[in-house]
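Chains as they are written, first to last, in the numbering used here: chain B, 629 to 1308; chain E, 1328 to 1484.
Source of the hints: derived by calculation from the structure; they are not laboratory data.
There's no promise every hint is true.
Computed from the model, here is a short list of chain B residues facing chain E with C-beta under 10 Å [said to hold, decoys possible]:
| # | residue |
| --- | --- |
| 1 | E641 |
| 2 | L642 |
| 3 | H690 |
| 4 | A693 |
| 5 | T696 |
| 6 | I697 |
| 7 | T698 |
| 8 | T805 |
| 9 | W876 |
| 10 | H951 |
| 11 | A952 |
| 12 | M954 |
| 13 | N1212 |
| 14 | I1222 |
Label pairs and their in silico Cβ distance ranges [said to hold, decoys possible]:
| # | chain 1 | residue 1 | chain 2 | residue 2 | range |
| --- | --- | --- | --- | --- | --- |
| 15 | E | R1479 | B | S1254 | 49 to 59 Å |
| 16 | B | E847 | E | E1370 | 44 to 54 Å |
| 17 | B | E883 | E | E1342 | 24 to 34 Å |
| 18 | E | E1342 | B | K766 | 48 to 58 Å |
| 19 | E | G1397 | B | E847 | 26 to 36 Å |
| 20 | B | T909 | E | E1370 | 32 to 42 Å |
| 21 | B | R1162 | E | K1411 | 51 to 61 Å |
| 22 | B | A1082 | E | S1482 | 52 to 62 Å |
| 23 | B | A692 | E | K1411 | 22 to 32 Å |
| 24 | E | R1475 | B | E1151 | 40 to 50 Å |
| 25 | E | S1482 | B | A818 | 25 to 35 Å |
| 26 | B | N842 | E | E1370 | 18 to 28 Å |
List time: in silico BS3-like cross-link candidates among lysine-lysine, alpha-carbon distance up to 25 Å [claimed, not checked]:
| # | chain 1 | residue 1 | chain 2 | residue 2 |
| --- | --- | --- | --- | --- |
| 27 | E | K1411 | B | K728 |
| 28 | B | K820 | E | K1331 |
| 29 | E | K1411 | B | K879 |
| 30 | B | K926 | B | K1061 |
| 31 | B | K844 | B | K890 |
| 32 | B | K880 | B | K844 |
| 33 | B | K855 | E | K1331 |
| 34 | E | K1331 | B | K880 |
| 35 | B | K777 | B | K728 |
Just so you know, even glycine gets a beta-carbon here, dropped at the ideal spot from N, CA and C.
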Amino acid sequence: MAEWGDFEPERYELREPAPYRFEADRREFLALAGGGLLLFTTGASGQRPGGQGEADLSARLHMAADGTITVFTSKVEVGQGSRTQLTQAAAEELGISPEKIRLVMADTDLVPDDGGTAGSRTTPSTVPAVRRAAAAAKKILAATAANPKATMDQLRGAIPSDVVVKPAGDWQHLGKTLPKVDSRAIVTGAHKYPADITRPGMLYGKVLRAPVYNAKLEELDKAAASKLAGVVIVHDGEFAGCTAPTSWEAKKGIEALAAGAKYSRKPHVSSKKLFEHLKATARTGSAAGRGSGPERTKGDASAAMASAANTLKASFEVAYVQHAPMEPRAAVAEWEGDKLTVWTGTQMPHRVRQQLAEAFRVPQEKVRVMVPDTGGGFGGKHTGETAIEAARLAKAAGKPVSLRWTRAEEFAWAYFRPAGLFEIQAGFDGNGKLTAWDYTNYNAGGAGLDTPYAVANSRIRFLYTDSPLREGSYRGIAATANNFARELFMDELAEAAKMDPLRFRLLNLDNPRLRAVLESAAERFRFAERWKSRKAGTGVGIACGTEKGSYIACCAEVGIREGEIEVREVTQVFECGAIQNPRNLRAQVDGCLIQGLGAALWEEAIFEDGKLMNGRFASYRVPRMSDVPKLDTHLLDRRDLTSAGAGETPIIAIAPAVAAAVHHAGYARVRSMPVRLAGA
Amino acid sequence: MRTKITLLVNGARREVQTDPERPLLEVLREDLQLTGTKYGCGEGQCRACTVLLDGKAVTSCMTPVRTAAGKQITTIEGLAQNGKLHRVQEAFQEAEAMQCGYCVPGMVLTTAGLLKNTPRPTEAQIVAALNGNLCRCCGYPSIVAAVRLAAREQSNG
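Just chain E, with the same shape it has in the complex (with noise of 0.2 Å):
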């Protein structure tokens, strides 16, 4: 069942043994110690589980690990550089867009997802990109407000 897959995971190749069916987000989990992304639901309900494949922001949950391989694969881990946070990540901070933070990962990364393609999201581009990351804390005002941070510091820098 077992078979060698080739994952490309923030800019590093990392070779695991696994069932080519299993979520991605298990094995960044389990074989690559990648906690970061998040378990909510396991059915793309949540976005929790949010990485990037090829810059786009995809629910790791639903995806088979065989479908990742040989695409770049960024995970939270892998957005700061050199110990300098992506201005997504700064803003999250800043805005302190978290109460138990559980769903930050899924959240920074889906902005990030967001502003690759719109670097000057409307309120409502906003809405429709976050609406299916669920944060049950329901602190999605400040949310709301670190994206625009994000989307301004961008557009300035």
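Excised from the complex, chain B in its bound form (with noise of 0.2 Å):
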């Protein structure tokens, strides 16, 4: 796929400049004017810069003199269940119980840079990675096992290229369930996430957070904030915050500066405006700049689009969603001098190192970030900013601070998934074959662009455009757009073509993987039958999908009452190769499913005049337990093929089935999420 160029089409990253740019105080100024704080090294020993590298043994993997073996990754544990699955992984290949291995992840101190945890990466390419290290520490662990120093000695070696890993067919440990290995921990509350992170001498921050989007602090009166005993106040150019021996107290602190905090502004797009301004802002062509989405074409749509038998043309849009982890972002710094240590929950430990290095002009050798398991990531926490204010709060305290983000800054201040506008026309033959295809996306990003129907003839084009949120990763990300707009388009072509929608689609589809799921979905919900006998009030819908090596289809059945739709029944059959955990995968692809319902009927960020407008669970609707429907999960079981990543994949397929299935009730054609009922 070499005319994607310069473009990613995986991931949809954060690239923003740094959220603070501290003052350098006189003796920093000093460094600087010299000329040598400003070199940062990359990588401490053992380490290689740049992600996916493979480190050499030790720095993988050590043995205790006692036999326990300890595995090092810089990947992080957010309920995936990457720290369960990596321990089978090493067990399969040492040929030892998964209770002799443990786990240190994400502490930029002691593990190689495997990247961070996202792209759905950590099965196939971490895991591996894992099994090639467990397998060669292996043999050497058989030659040296009288002496631990000799294997200490040997695993300081890098990783033979020939070691050879168990095939799926002998598998011990792997594609069977291992308990999640820390669920004591869980039960009873002893596991300790970033926000429970403890310091001696430790205080509370708190951040001031501007009133709206689109405005600058340009004055902060601190009298009255000064008073309170025990604050301490910061304000470092566009940043104030303060601390205080309890976060009552440092609450209390923020309420008084945010009384004498006057701002400038500059508009802001409200939310009913969207989707124009998307349209209006887009950047193509020549002129397009950072990140112009490729124009990917085969062989000639416009052409075949004017002599197609039929077309059919429509737009879809997506909102903005918050991921709204449990936990919202935590932060504990602490100074020992010009080093800092922060325990923080992100996806991207050693990033964040950068970054922390980059705010506080130390090298990143002062920097150590560790990551605890974290409550709950879903793309969300690429990023540092909390660290960063923790520190910041933390150097000015002179003591370890937490700083933990309230409900209201995680839905205001985190980042969202793009919203995205869609404009799709499709040509089609007599038989209902595709001939044409030409989509524009814009701004929901590129991921899952490419359709996986065949059609000769395409244009497909992603836009970038100025988002007036905030956005970046999430489970799924634009995959989820891109499926939700075109299998409902699928949808209209089929009735277009007047054929049901699951013949359509298998006509217009080779990938035989992607058929399989399709296939067996609509075979195990009776889909067809159900789809020619419909009931009032009661629709059936059907979608499929394909990412990150991964497939995925759904068949939903919905009921509307009283204006509320209600999803009563869904298939999904998945497959993503080898099943590795099958408890861990079904509670991946369940969870997706139910989380995507809240995109697909509820979720969406409204803002107005620069204020987000819903940013609470009160107002923000997401998925509760009375709205699982009665769910028939089945996971197709590919020995004979590599495991795939499966954390995203099974999200992208509910929504545009949902979307169909209000339809089929007899409501007009969706053309948005979340889905709007209109009359027919």
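Reconstruct the complex from the two isolated chains, following the hints.
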């Protein structure tokens, strides 16, 4: 896919300037002028910069005198099960019990840089890296079993390139359910999340937030806040915050600061005008600059469209949504001289280390980032703003500081999943075969942009726009939006071609793995029959998609009562190659689907005049227990295929399946996410 | 502003010097280092902060500490007895009703509160009792399974 060139379709990384430009103090300024402090070295010993590199054995594995093996990785555990899965992977190749294995995750002083936890890469990249290291270590252990020192000496070498891992047919630990390794700590409350870290003498911090987007702090009257006992105020450029012995007192401090803050403001687009704005600000052609999406063409789309027997056109919209993990952003920062240690919930520990080093003008070796297993991420915790804020407060207070964002801060100031506008036109022949495909995605992102359906002539574009909200990664990010628009449009095409949605898809689909999940889901759900026998107020829909090497198909039944959509029953079939941990996989697949229901039906950032209007769980509806439909989840285990990551793709098919079912129930075609009901 | 308040936490008397209006959640976490109780929203909308107050599940973020004085407070740390897990904890472990696990203390305590008054809940009673507890990993199917398991173990034992 050379034509994608500089474009990275897998991710939608938030690349933004440093959140704060702190003033250099006099001593730092002199050092800067001397030119010494801006040099950052990459990676401590045993580490390779730049992501997915293969570390040497000792960086990956350590054996203690009692035989306990410690495995090191920069991957984080945010609920997706990587700690357990990587334990299984090491146990498999070492041929030892998982209880003998301990995992050190995401401590930048100790672990090799495996890249961040994103893009469903742990299963296809880190699991194999750990397995190769473990397989190499096993050979050494067998030869030096009686002599731990000799073992460690030999472990201090590179992993041989010819190391062989076990084929899936011989798996003893992988392929079976291993209970979550830290479940006891979770059910007893002993597990320490980033928000739970405490340090001796620790204070609690708060940061002053602007009342609206696009506001700049111009003046700050600190008089009232400075009278509060125990409150230390920090004001550095646009950054302002305070620390206190308790969060309660810090909150009082911030309220006093907020009363004395004056801002300048710039206009901000409201969500009502969002999609016009995205279209108007789309960057196309040579003026596009940064990240202008590609225009990918195959055959001659415009000629094929002009000569097509039938053509159809529609546009679709997808709203901004928030990740809203149960644990809002949190960080504890502690300085010892110029050495900084931060415990924080981030999916990108090494990048956050780099951001901290830049923000405080210290070499990366002076910064240690540790990520305790975190209370949810969903792609929403790639950035280091909380770590930087905590570190700035700790520097001023001269004590460790814990900063925990409130839910309101997490809603308003964390980044959003991008909104998107889609314009699609297609041509098809008298048999219902697609002949032309013209697809433009404004702002939603490149993942899942290409259609999995067979069409000889196409033009597919992704255009960046000026997003009014801060946006970044999300579980299944753009694949969700692209599949929503594309799958609903496939339904419209099926209707125009006078075919049922299943038959129309199968007619235009060659990919055997996607066909397999689609046919399996349709059969289990009896889609064809249920689609024909329509009942008033009830509808069924079907959708499928592939992303990051795995395949999902979904059938849904909805009922509509008093203007409310109730998803009653869902069948989903998922395939990601060889299954490594069946129970964990099922939890991911079901969790994706239920989480996806939220964005499909209710979730939407509403903003007006620079203010997020629904940044609370009371007004931003997320899935609850009562929303869970009758669920038939079927996992295809393909032991003959390489395992792909599975924490994202199962989220992409539910929204179009539900939206299609709403139309089938007698309502107008759905062209927006969240779904809005309109008369037929 | 600070006054002395005596709390009965997990069977022990604990004295704190605090603003009486401060949420119980914060006092538990910051003054008593009982960090098993989680902040999720600060306004009673997610129930991650659930504790038992005289056996009844309440949102500790909405409970001014003064109103908890003299009542029996049970947090997630106080549920296991002498290292033996409460049956609800066992059931959550057994059914693996957790992904990131951050909502689990609130889920477990809400379930313990439910089973105390309704030992054999119907599916509808389970959903009604736990519908206010959010799990953003959306692990609800296994959470329902865990509650059913705990209820079954209770009626057997």
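Going down the list of hints, with the structure as the test:
| no. | hint | result |
| --- | --- | --- |
| 1 | E641 | violated, 22 Å |
| 2 | L642 | violated, 20 Å |
| 3 | H690 | violated, 27 Å |
| 4 | A693 | violated, 28 Å |
| 5 | T696 | violated, 23 Å |
| 6 | I697 | violated, 24 Å |
| 7 | T698 | violated, 22 Å |
| 8 | T805 | holds, 8 Å |
| 9 | W876 | holds, 5 Å |
| 10 | H951 | holds, 8 Å |
| 11 | A952 | holds, 6 Å |
| 12 | M954 | holds, 4 Å |
| 13 | N1212 | holds, 8 Å |
| 14 | I1222 | holds, 4 Å |
| 15 | E:R1479 - B:S1254: 49 to 59 Å | violated, 22 Å |
| 16 | B:E847 - E:E1370: 44 to 54 Å | violated, 31 Å |
| 17 | B:E883 - E:E1342: 24 to 34 Å | holds, 28 Å |
| 18 | E:E1342 - B:K766: 48 to 58 Å | holds, 56 Å |
| 19 | E:G1397 - B:E847: 26 to 36 Å | violated, 47 Å |
| 20 | B:T909 - E:E1370: 32 to 42 Å | holds, 36 Å |
| 21 | B:R1162 - E:K1411: 51 to 61 Å | holds, 55 Å |
| 22 | B:A1082 - E:S1482: 52 to 62 Å | holds, 57 Å |
| 23 | B:A692 - E:K1411: 22 to 32 Å | holds, 30 Å |
| 24 | E:R1475 - B:E1151: 40 to 50 Å | violated, 29 Å |
| 25 | E:S1482 - B:A818: 25 to 35 Å | holds, 29 Å |
| 26 | B:N842 - E:E1370: 18 to 28 Å | holds, 26 Å |
| 27 | E:K1411 - B:K728 | holds, 23 Å |
| 28 | B:K820 - E:K1331 | violated, 29 Å |
| 29 | E:K1411 - B:K879 | violated, 39 Å |
| 30 | B:K926 - B:K1061 | holds, 16 Å |
| 31 | B:K844 - B:K890 | holds, 8 Å |
| 32 | B:K880 - B:K844 | holds, 22 Å |
| 33 | B:K855 - E:K1331 | holds, 23 Å |
| 34 | E:K1331 - B:K880 | holds, 20 Å |
| 35 | B:K777 - B:K728 | holds, 19 Å |
Comparing the model with each earlier hint shows violations of hints 1, 2, 3, 4, 5, 6, 7, 15, 16, 19, 24, 28, 29; every other hint is respected.
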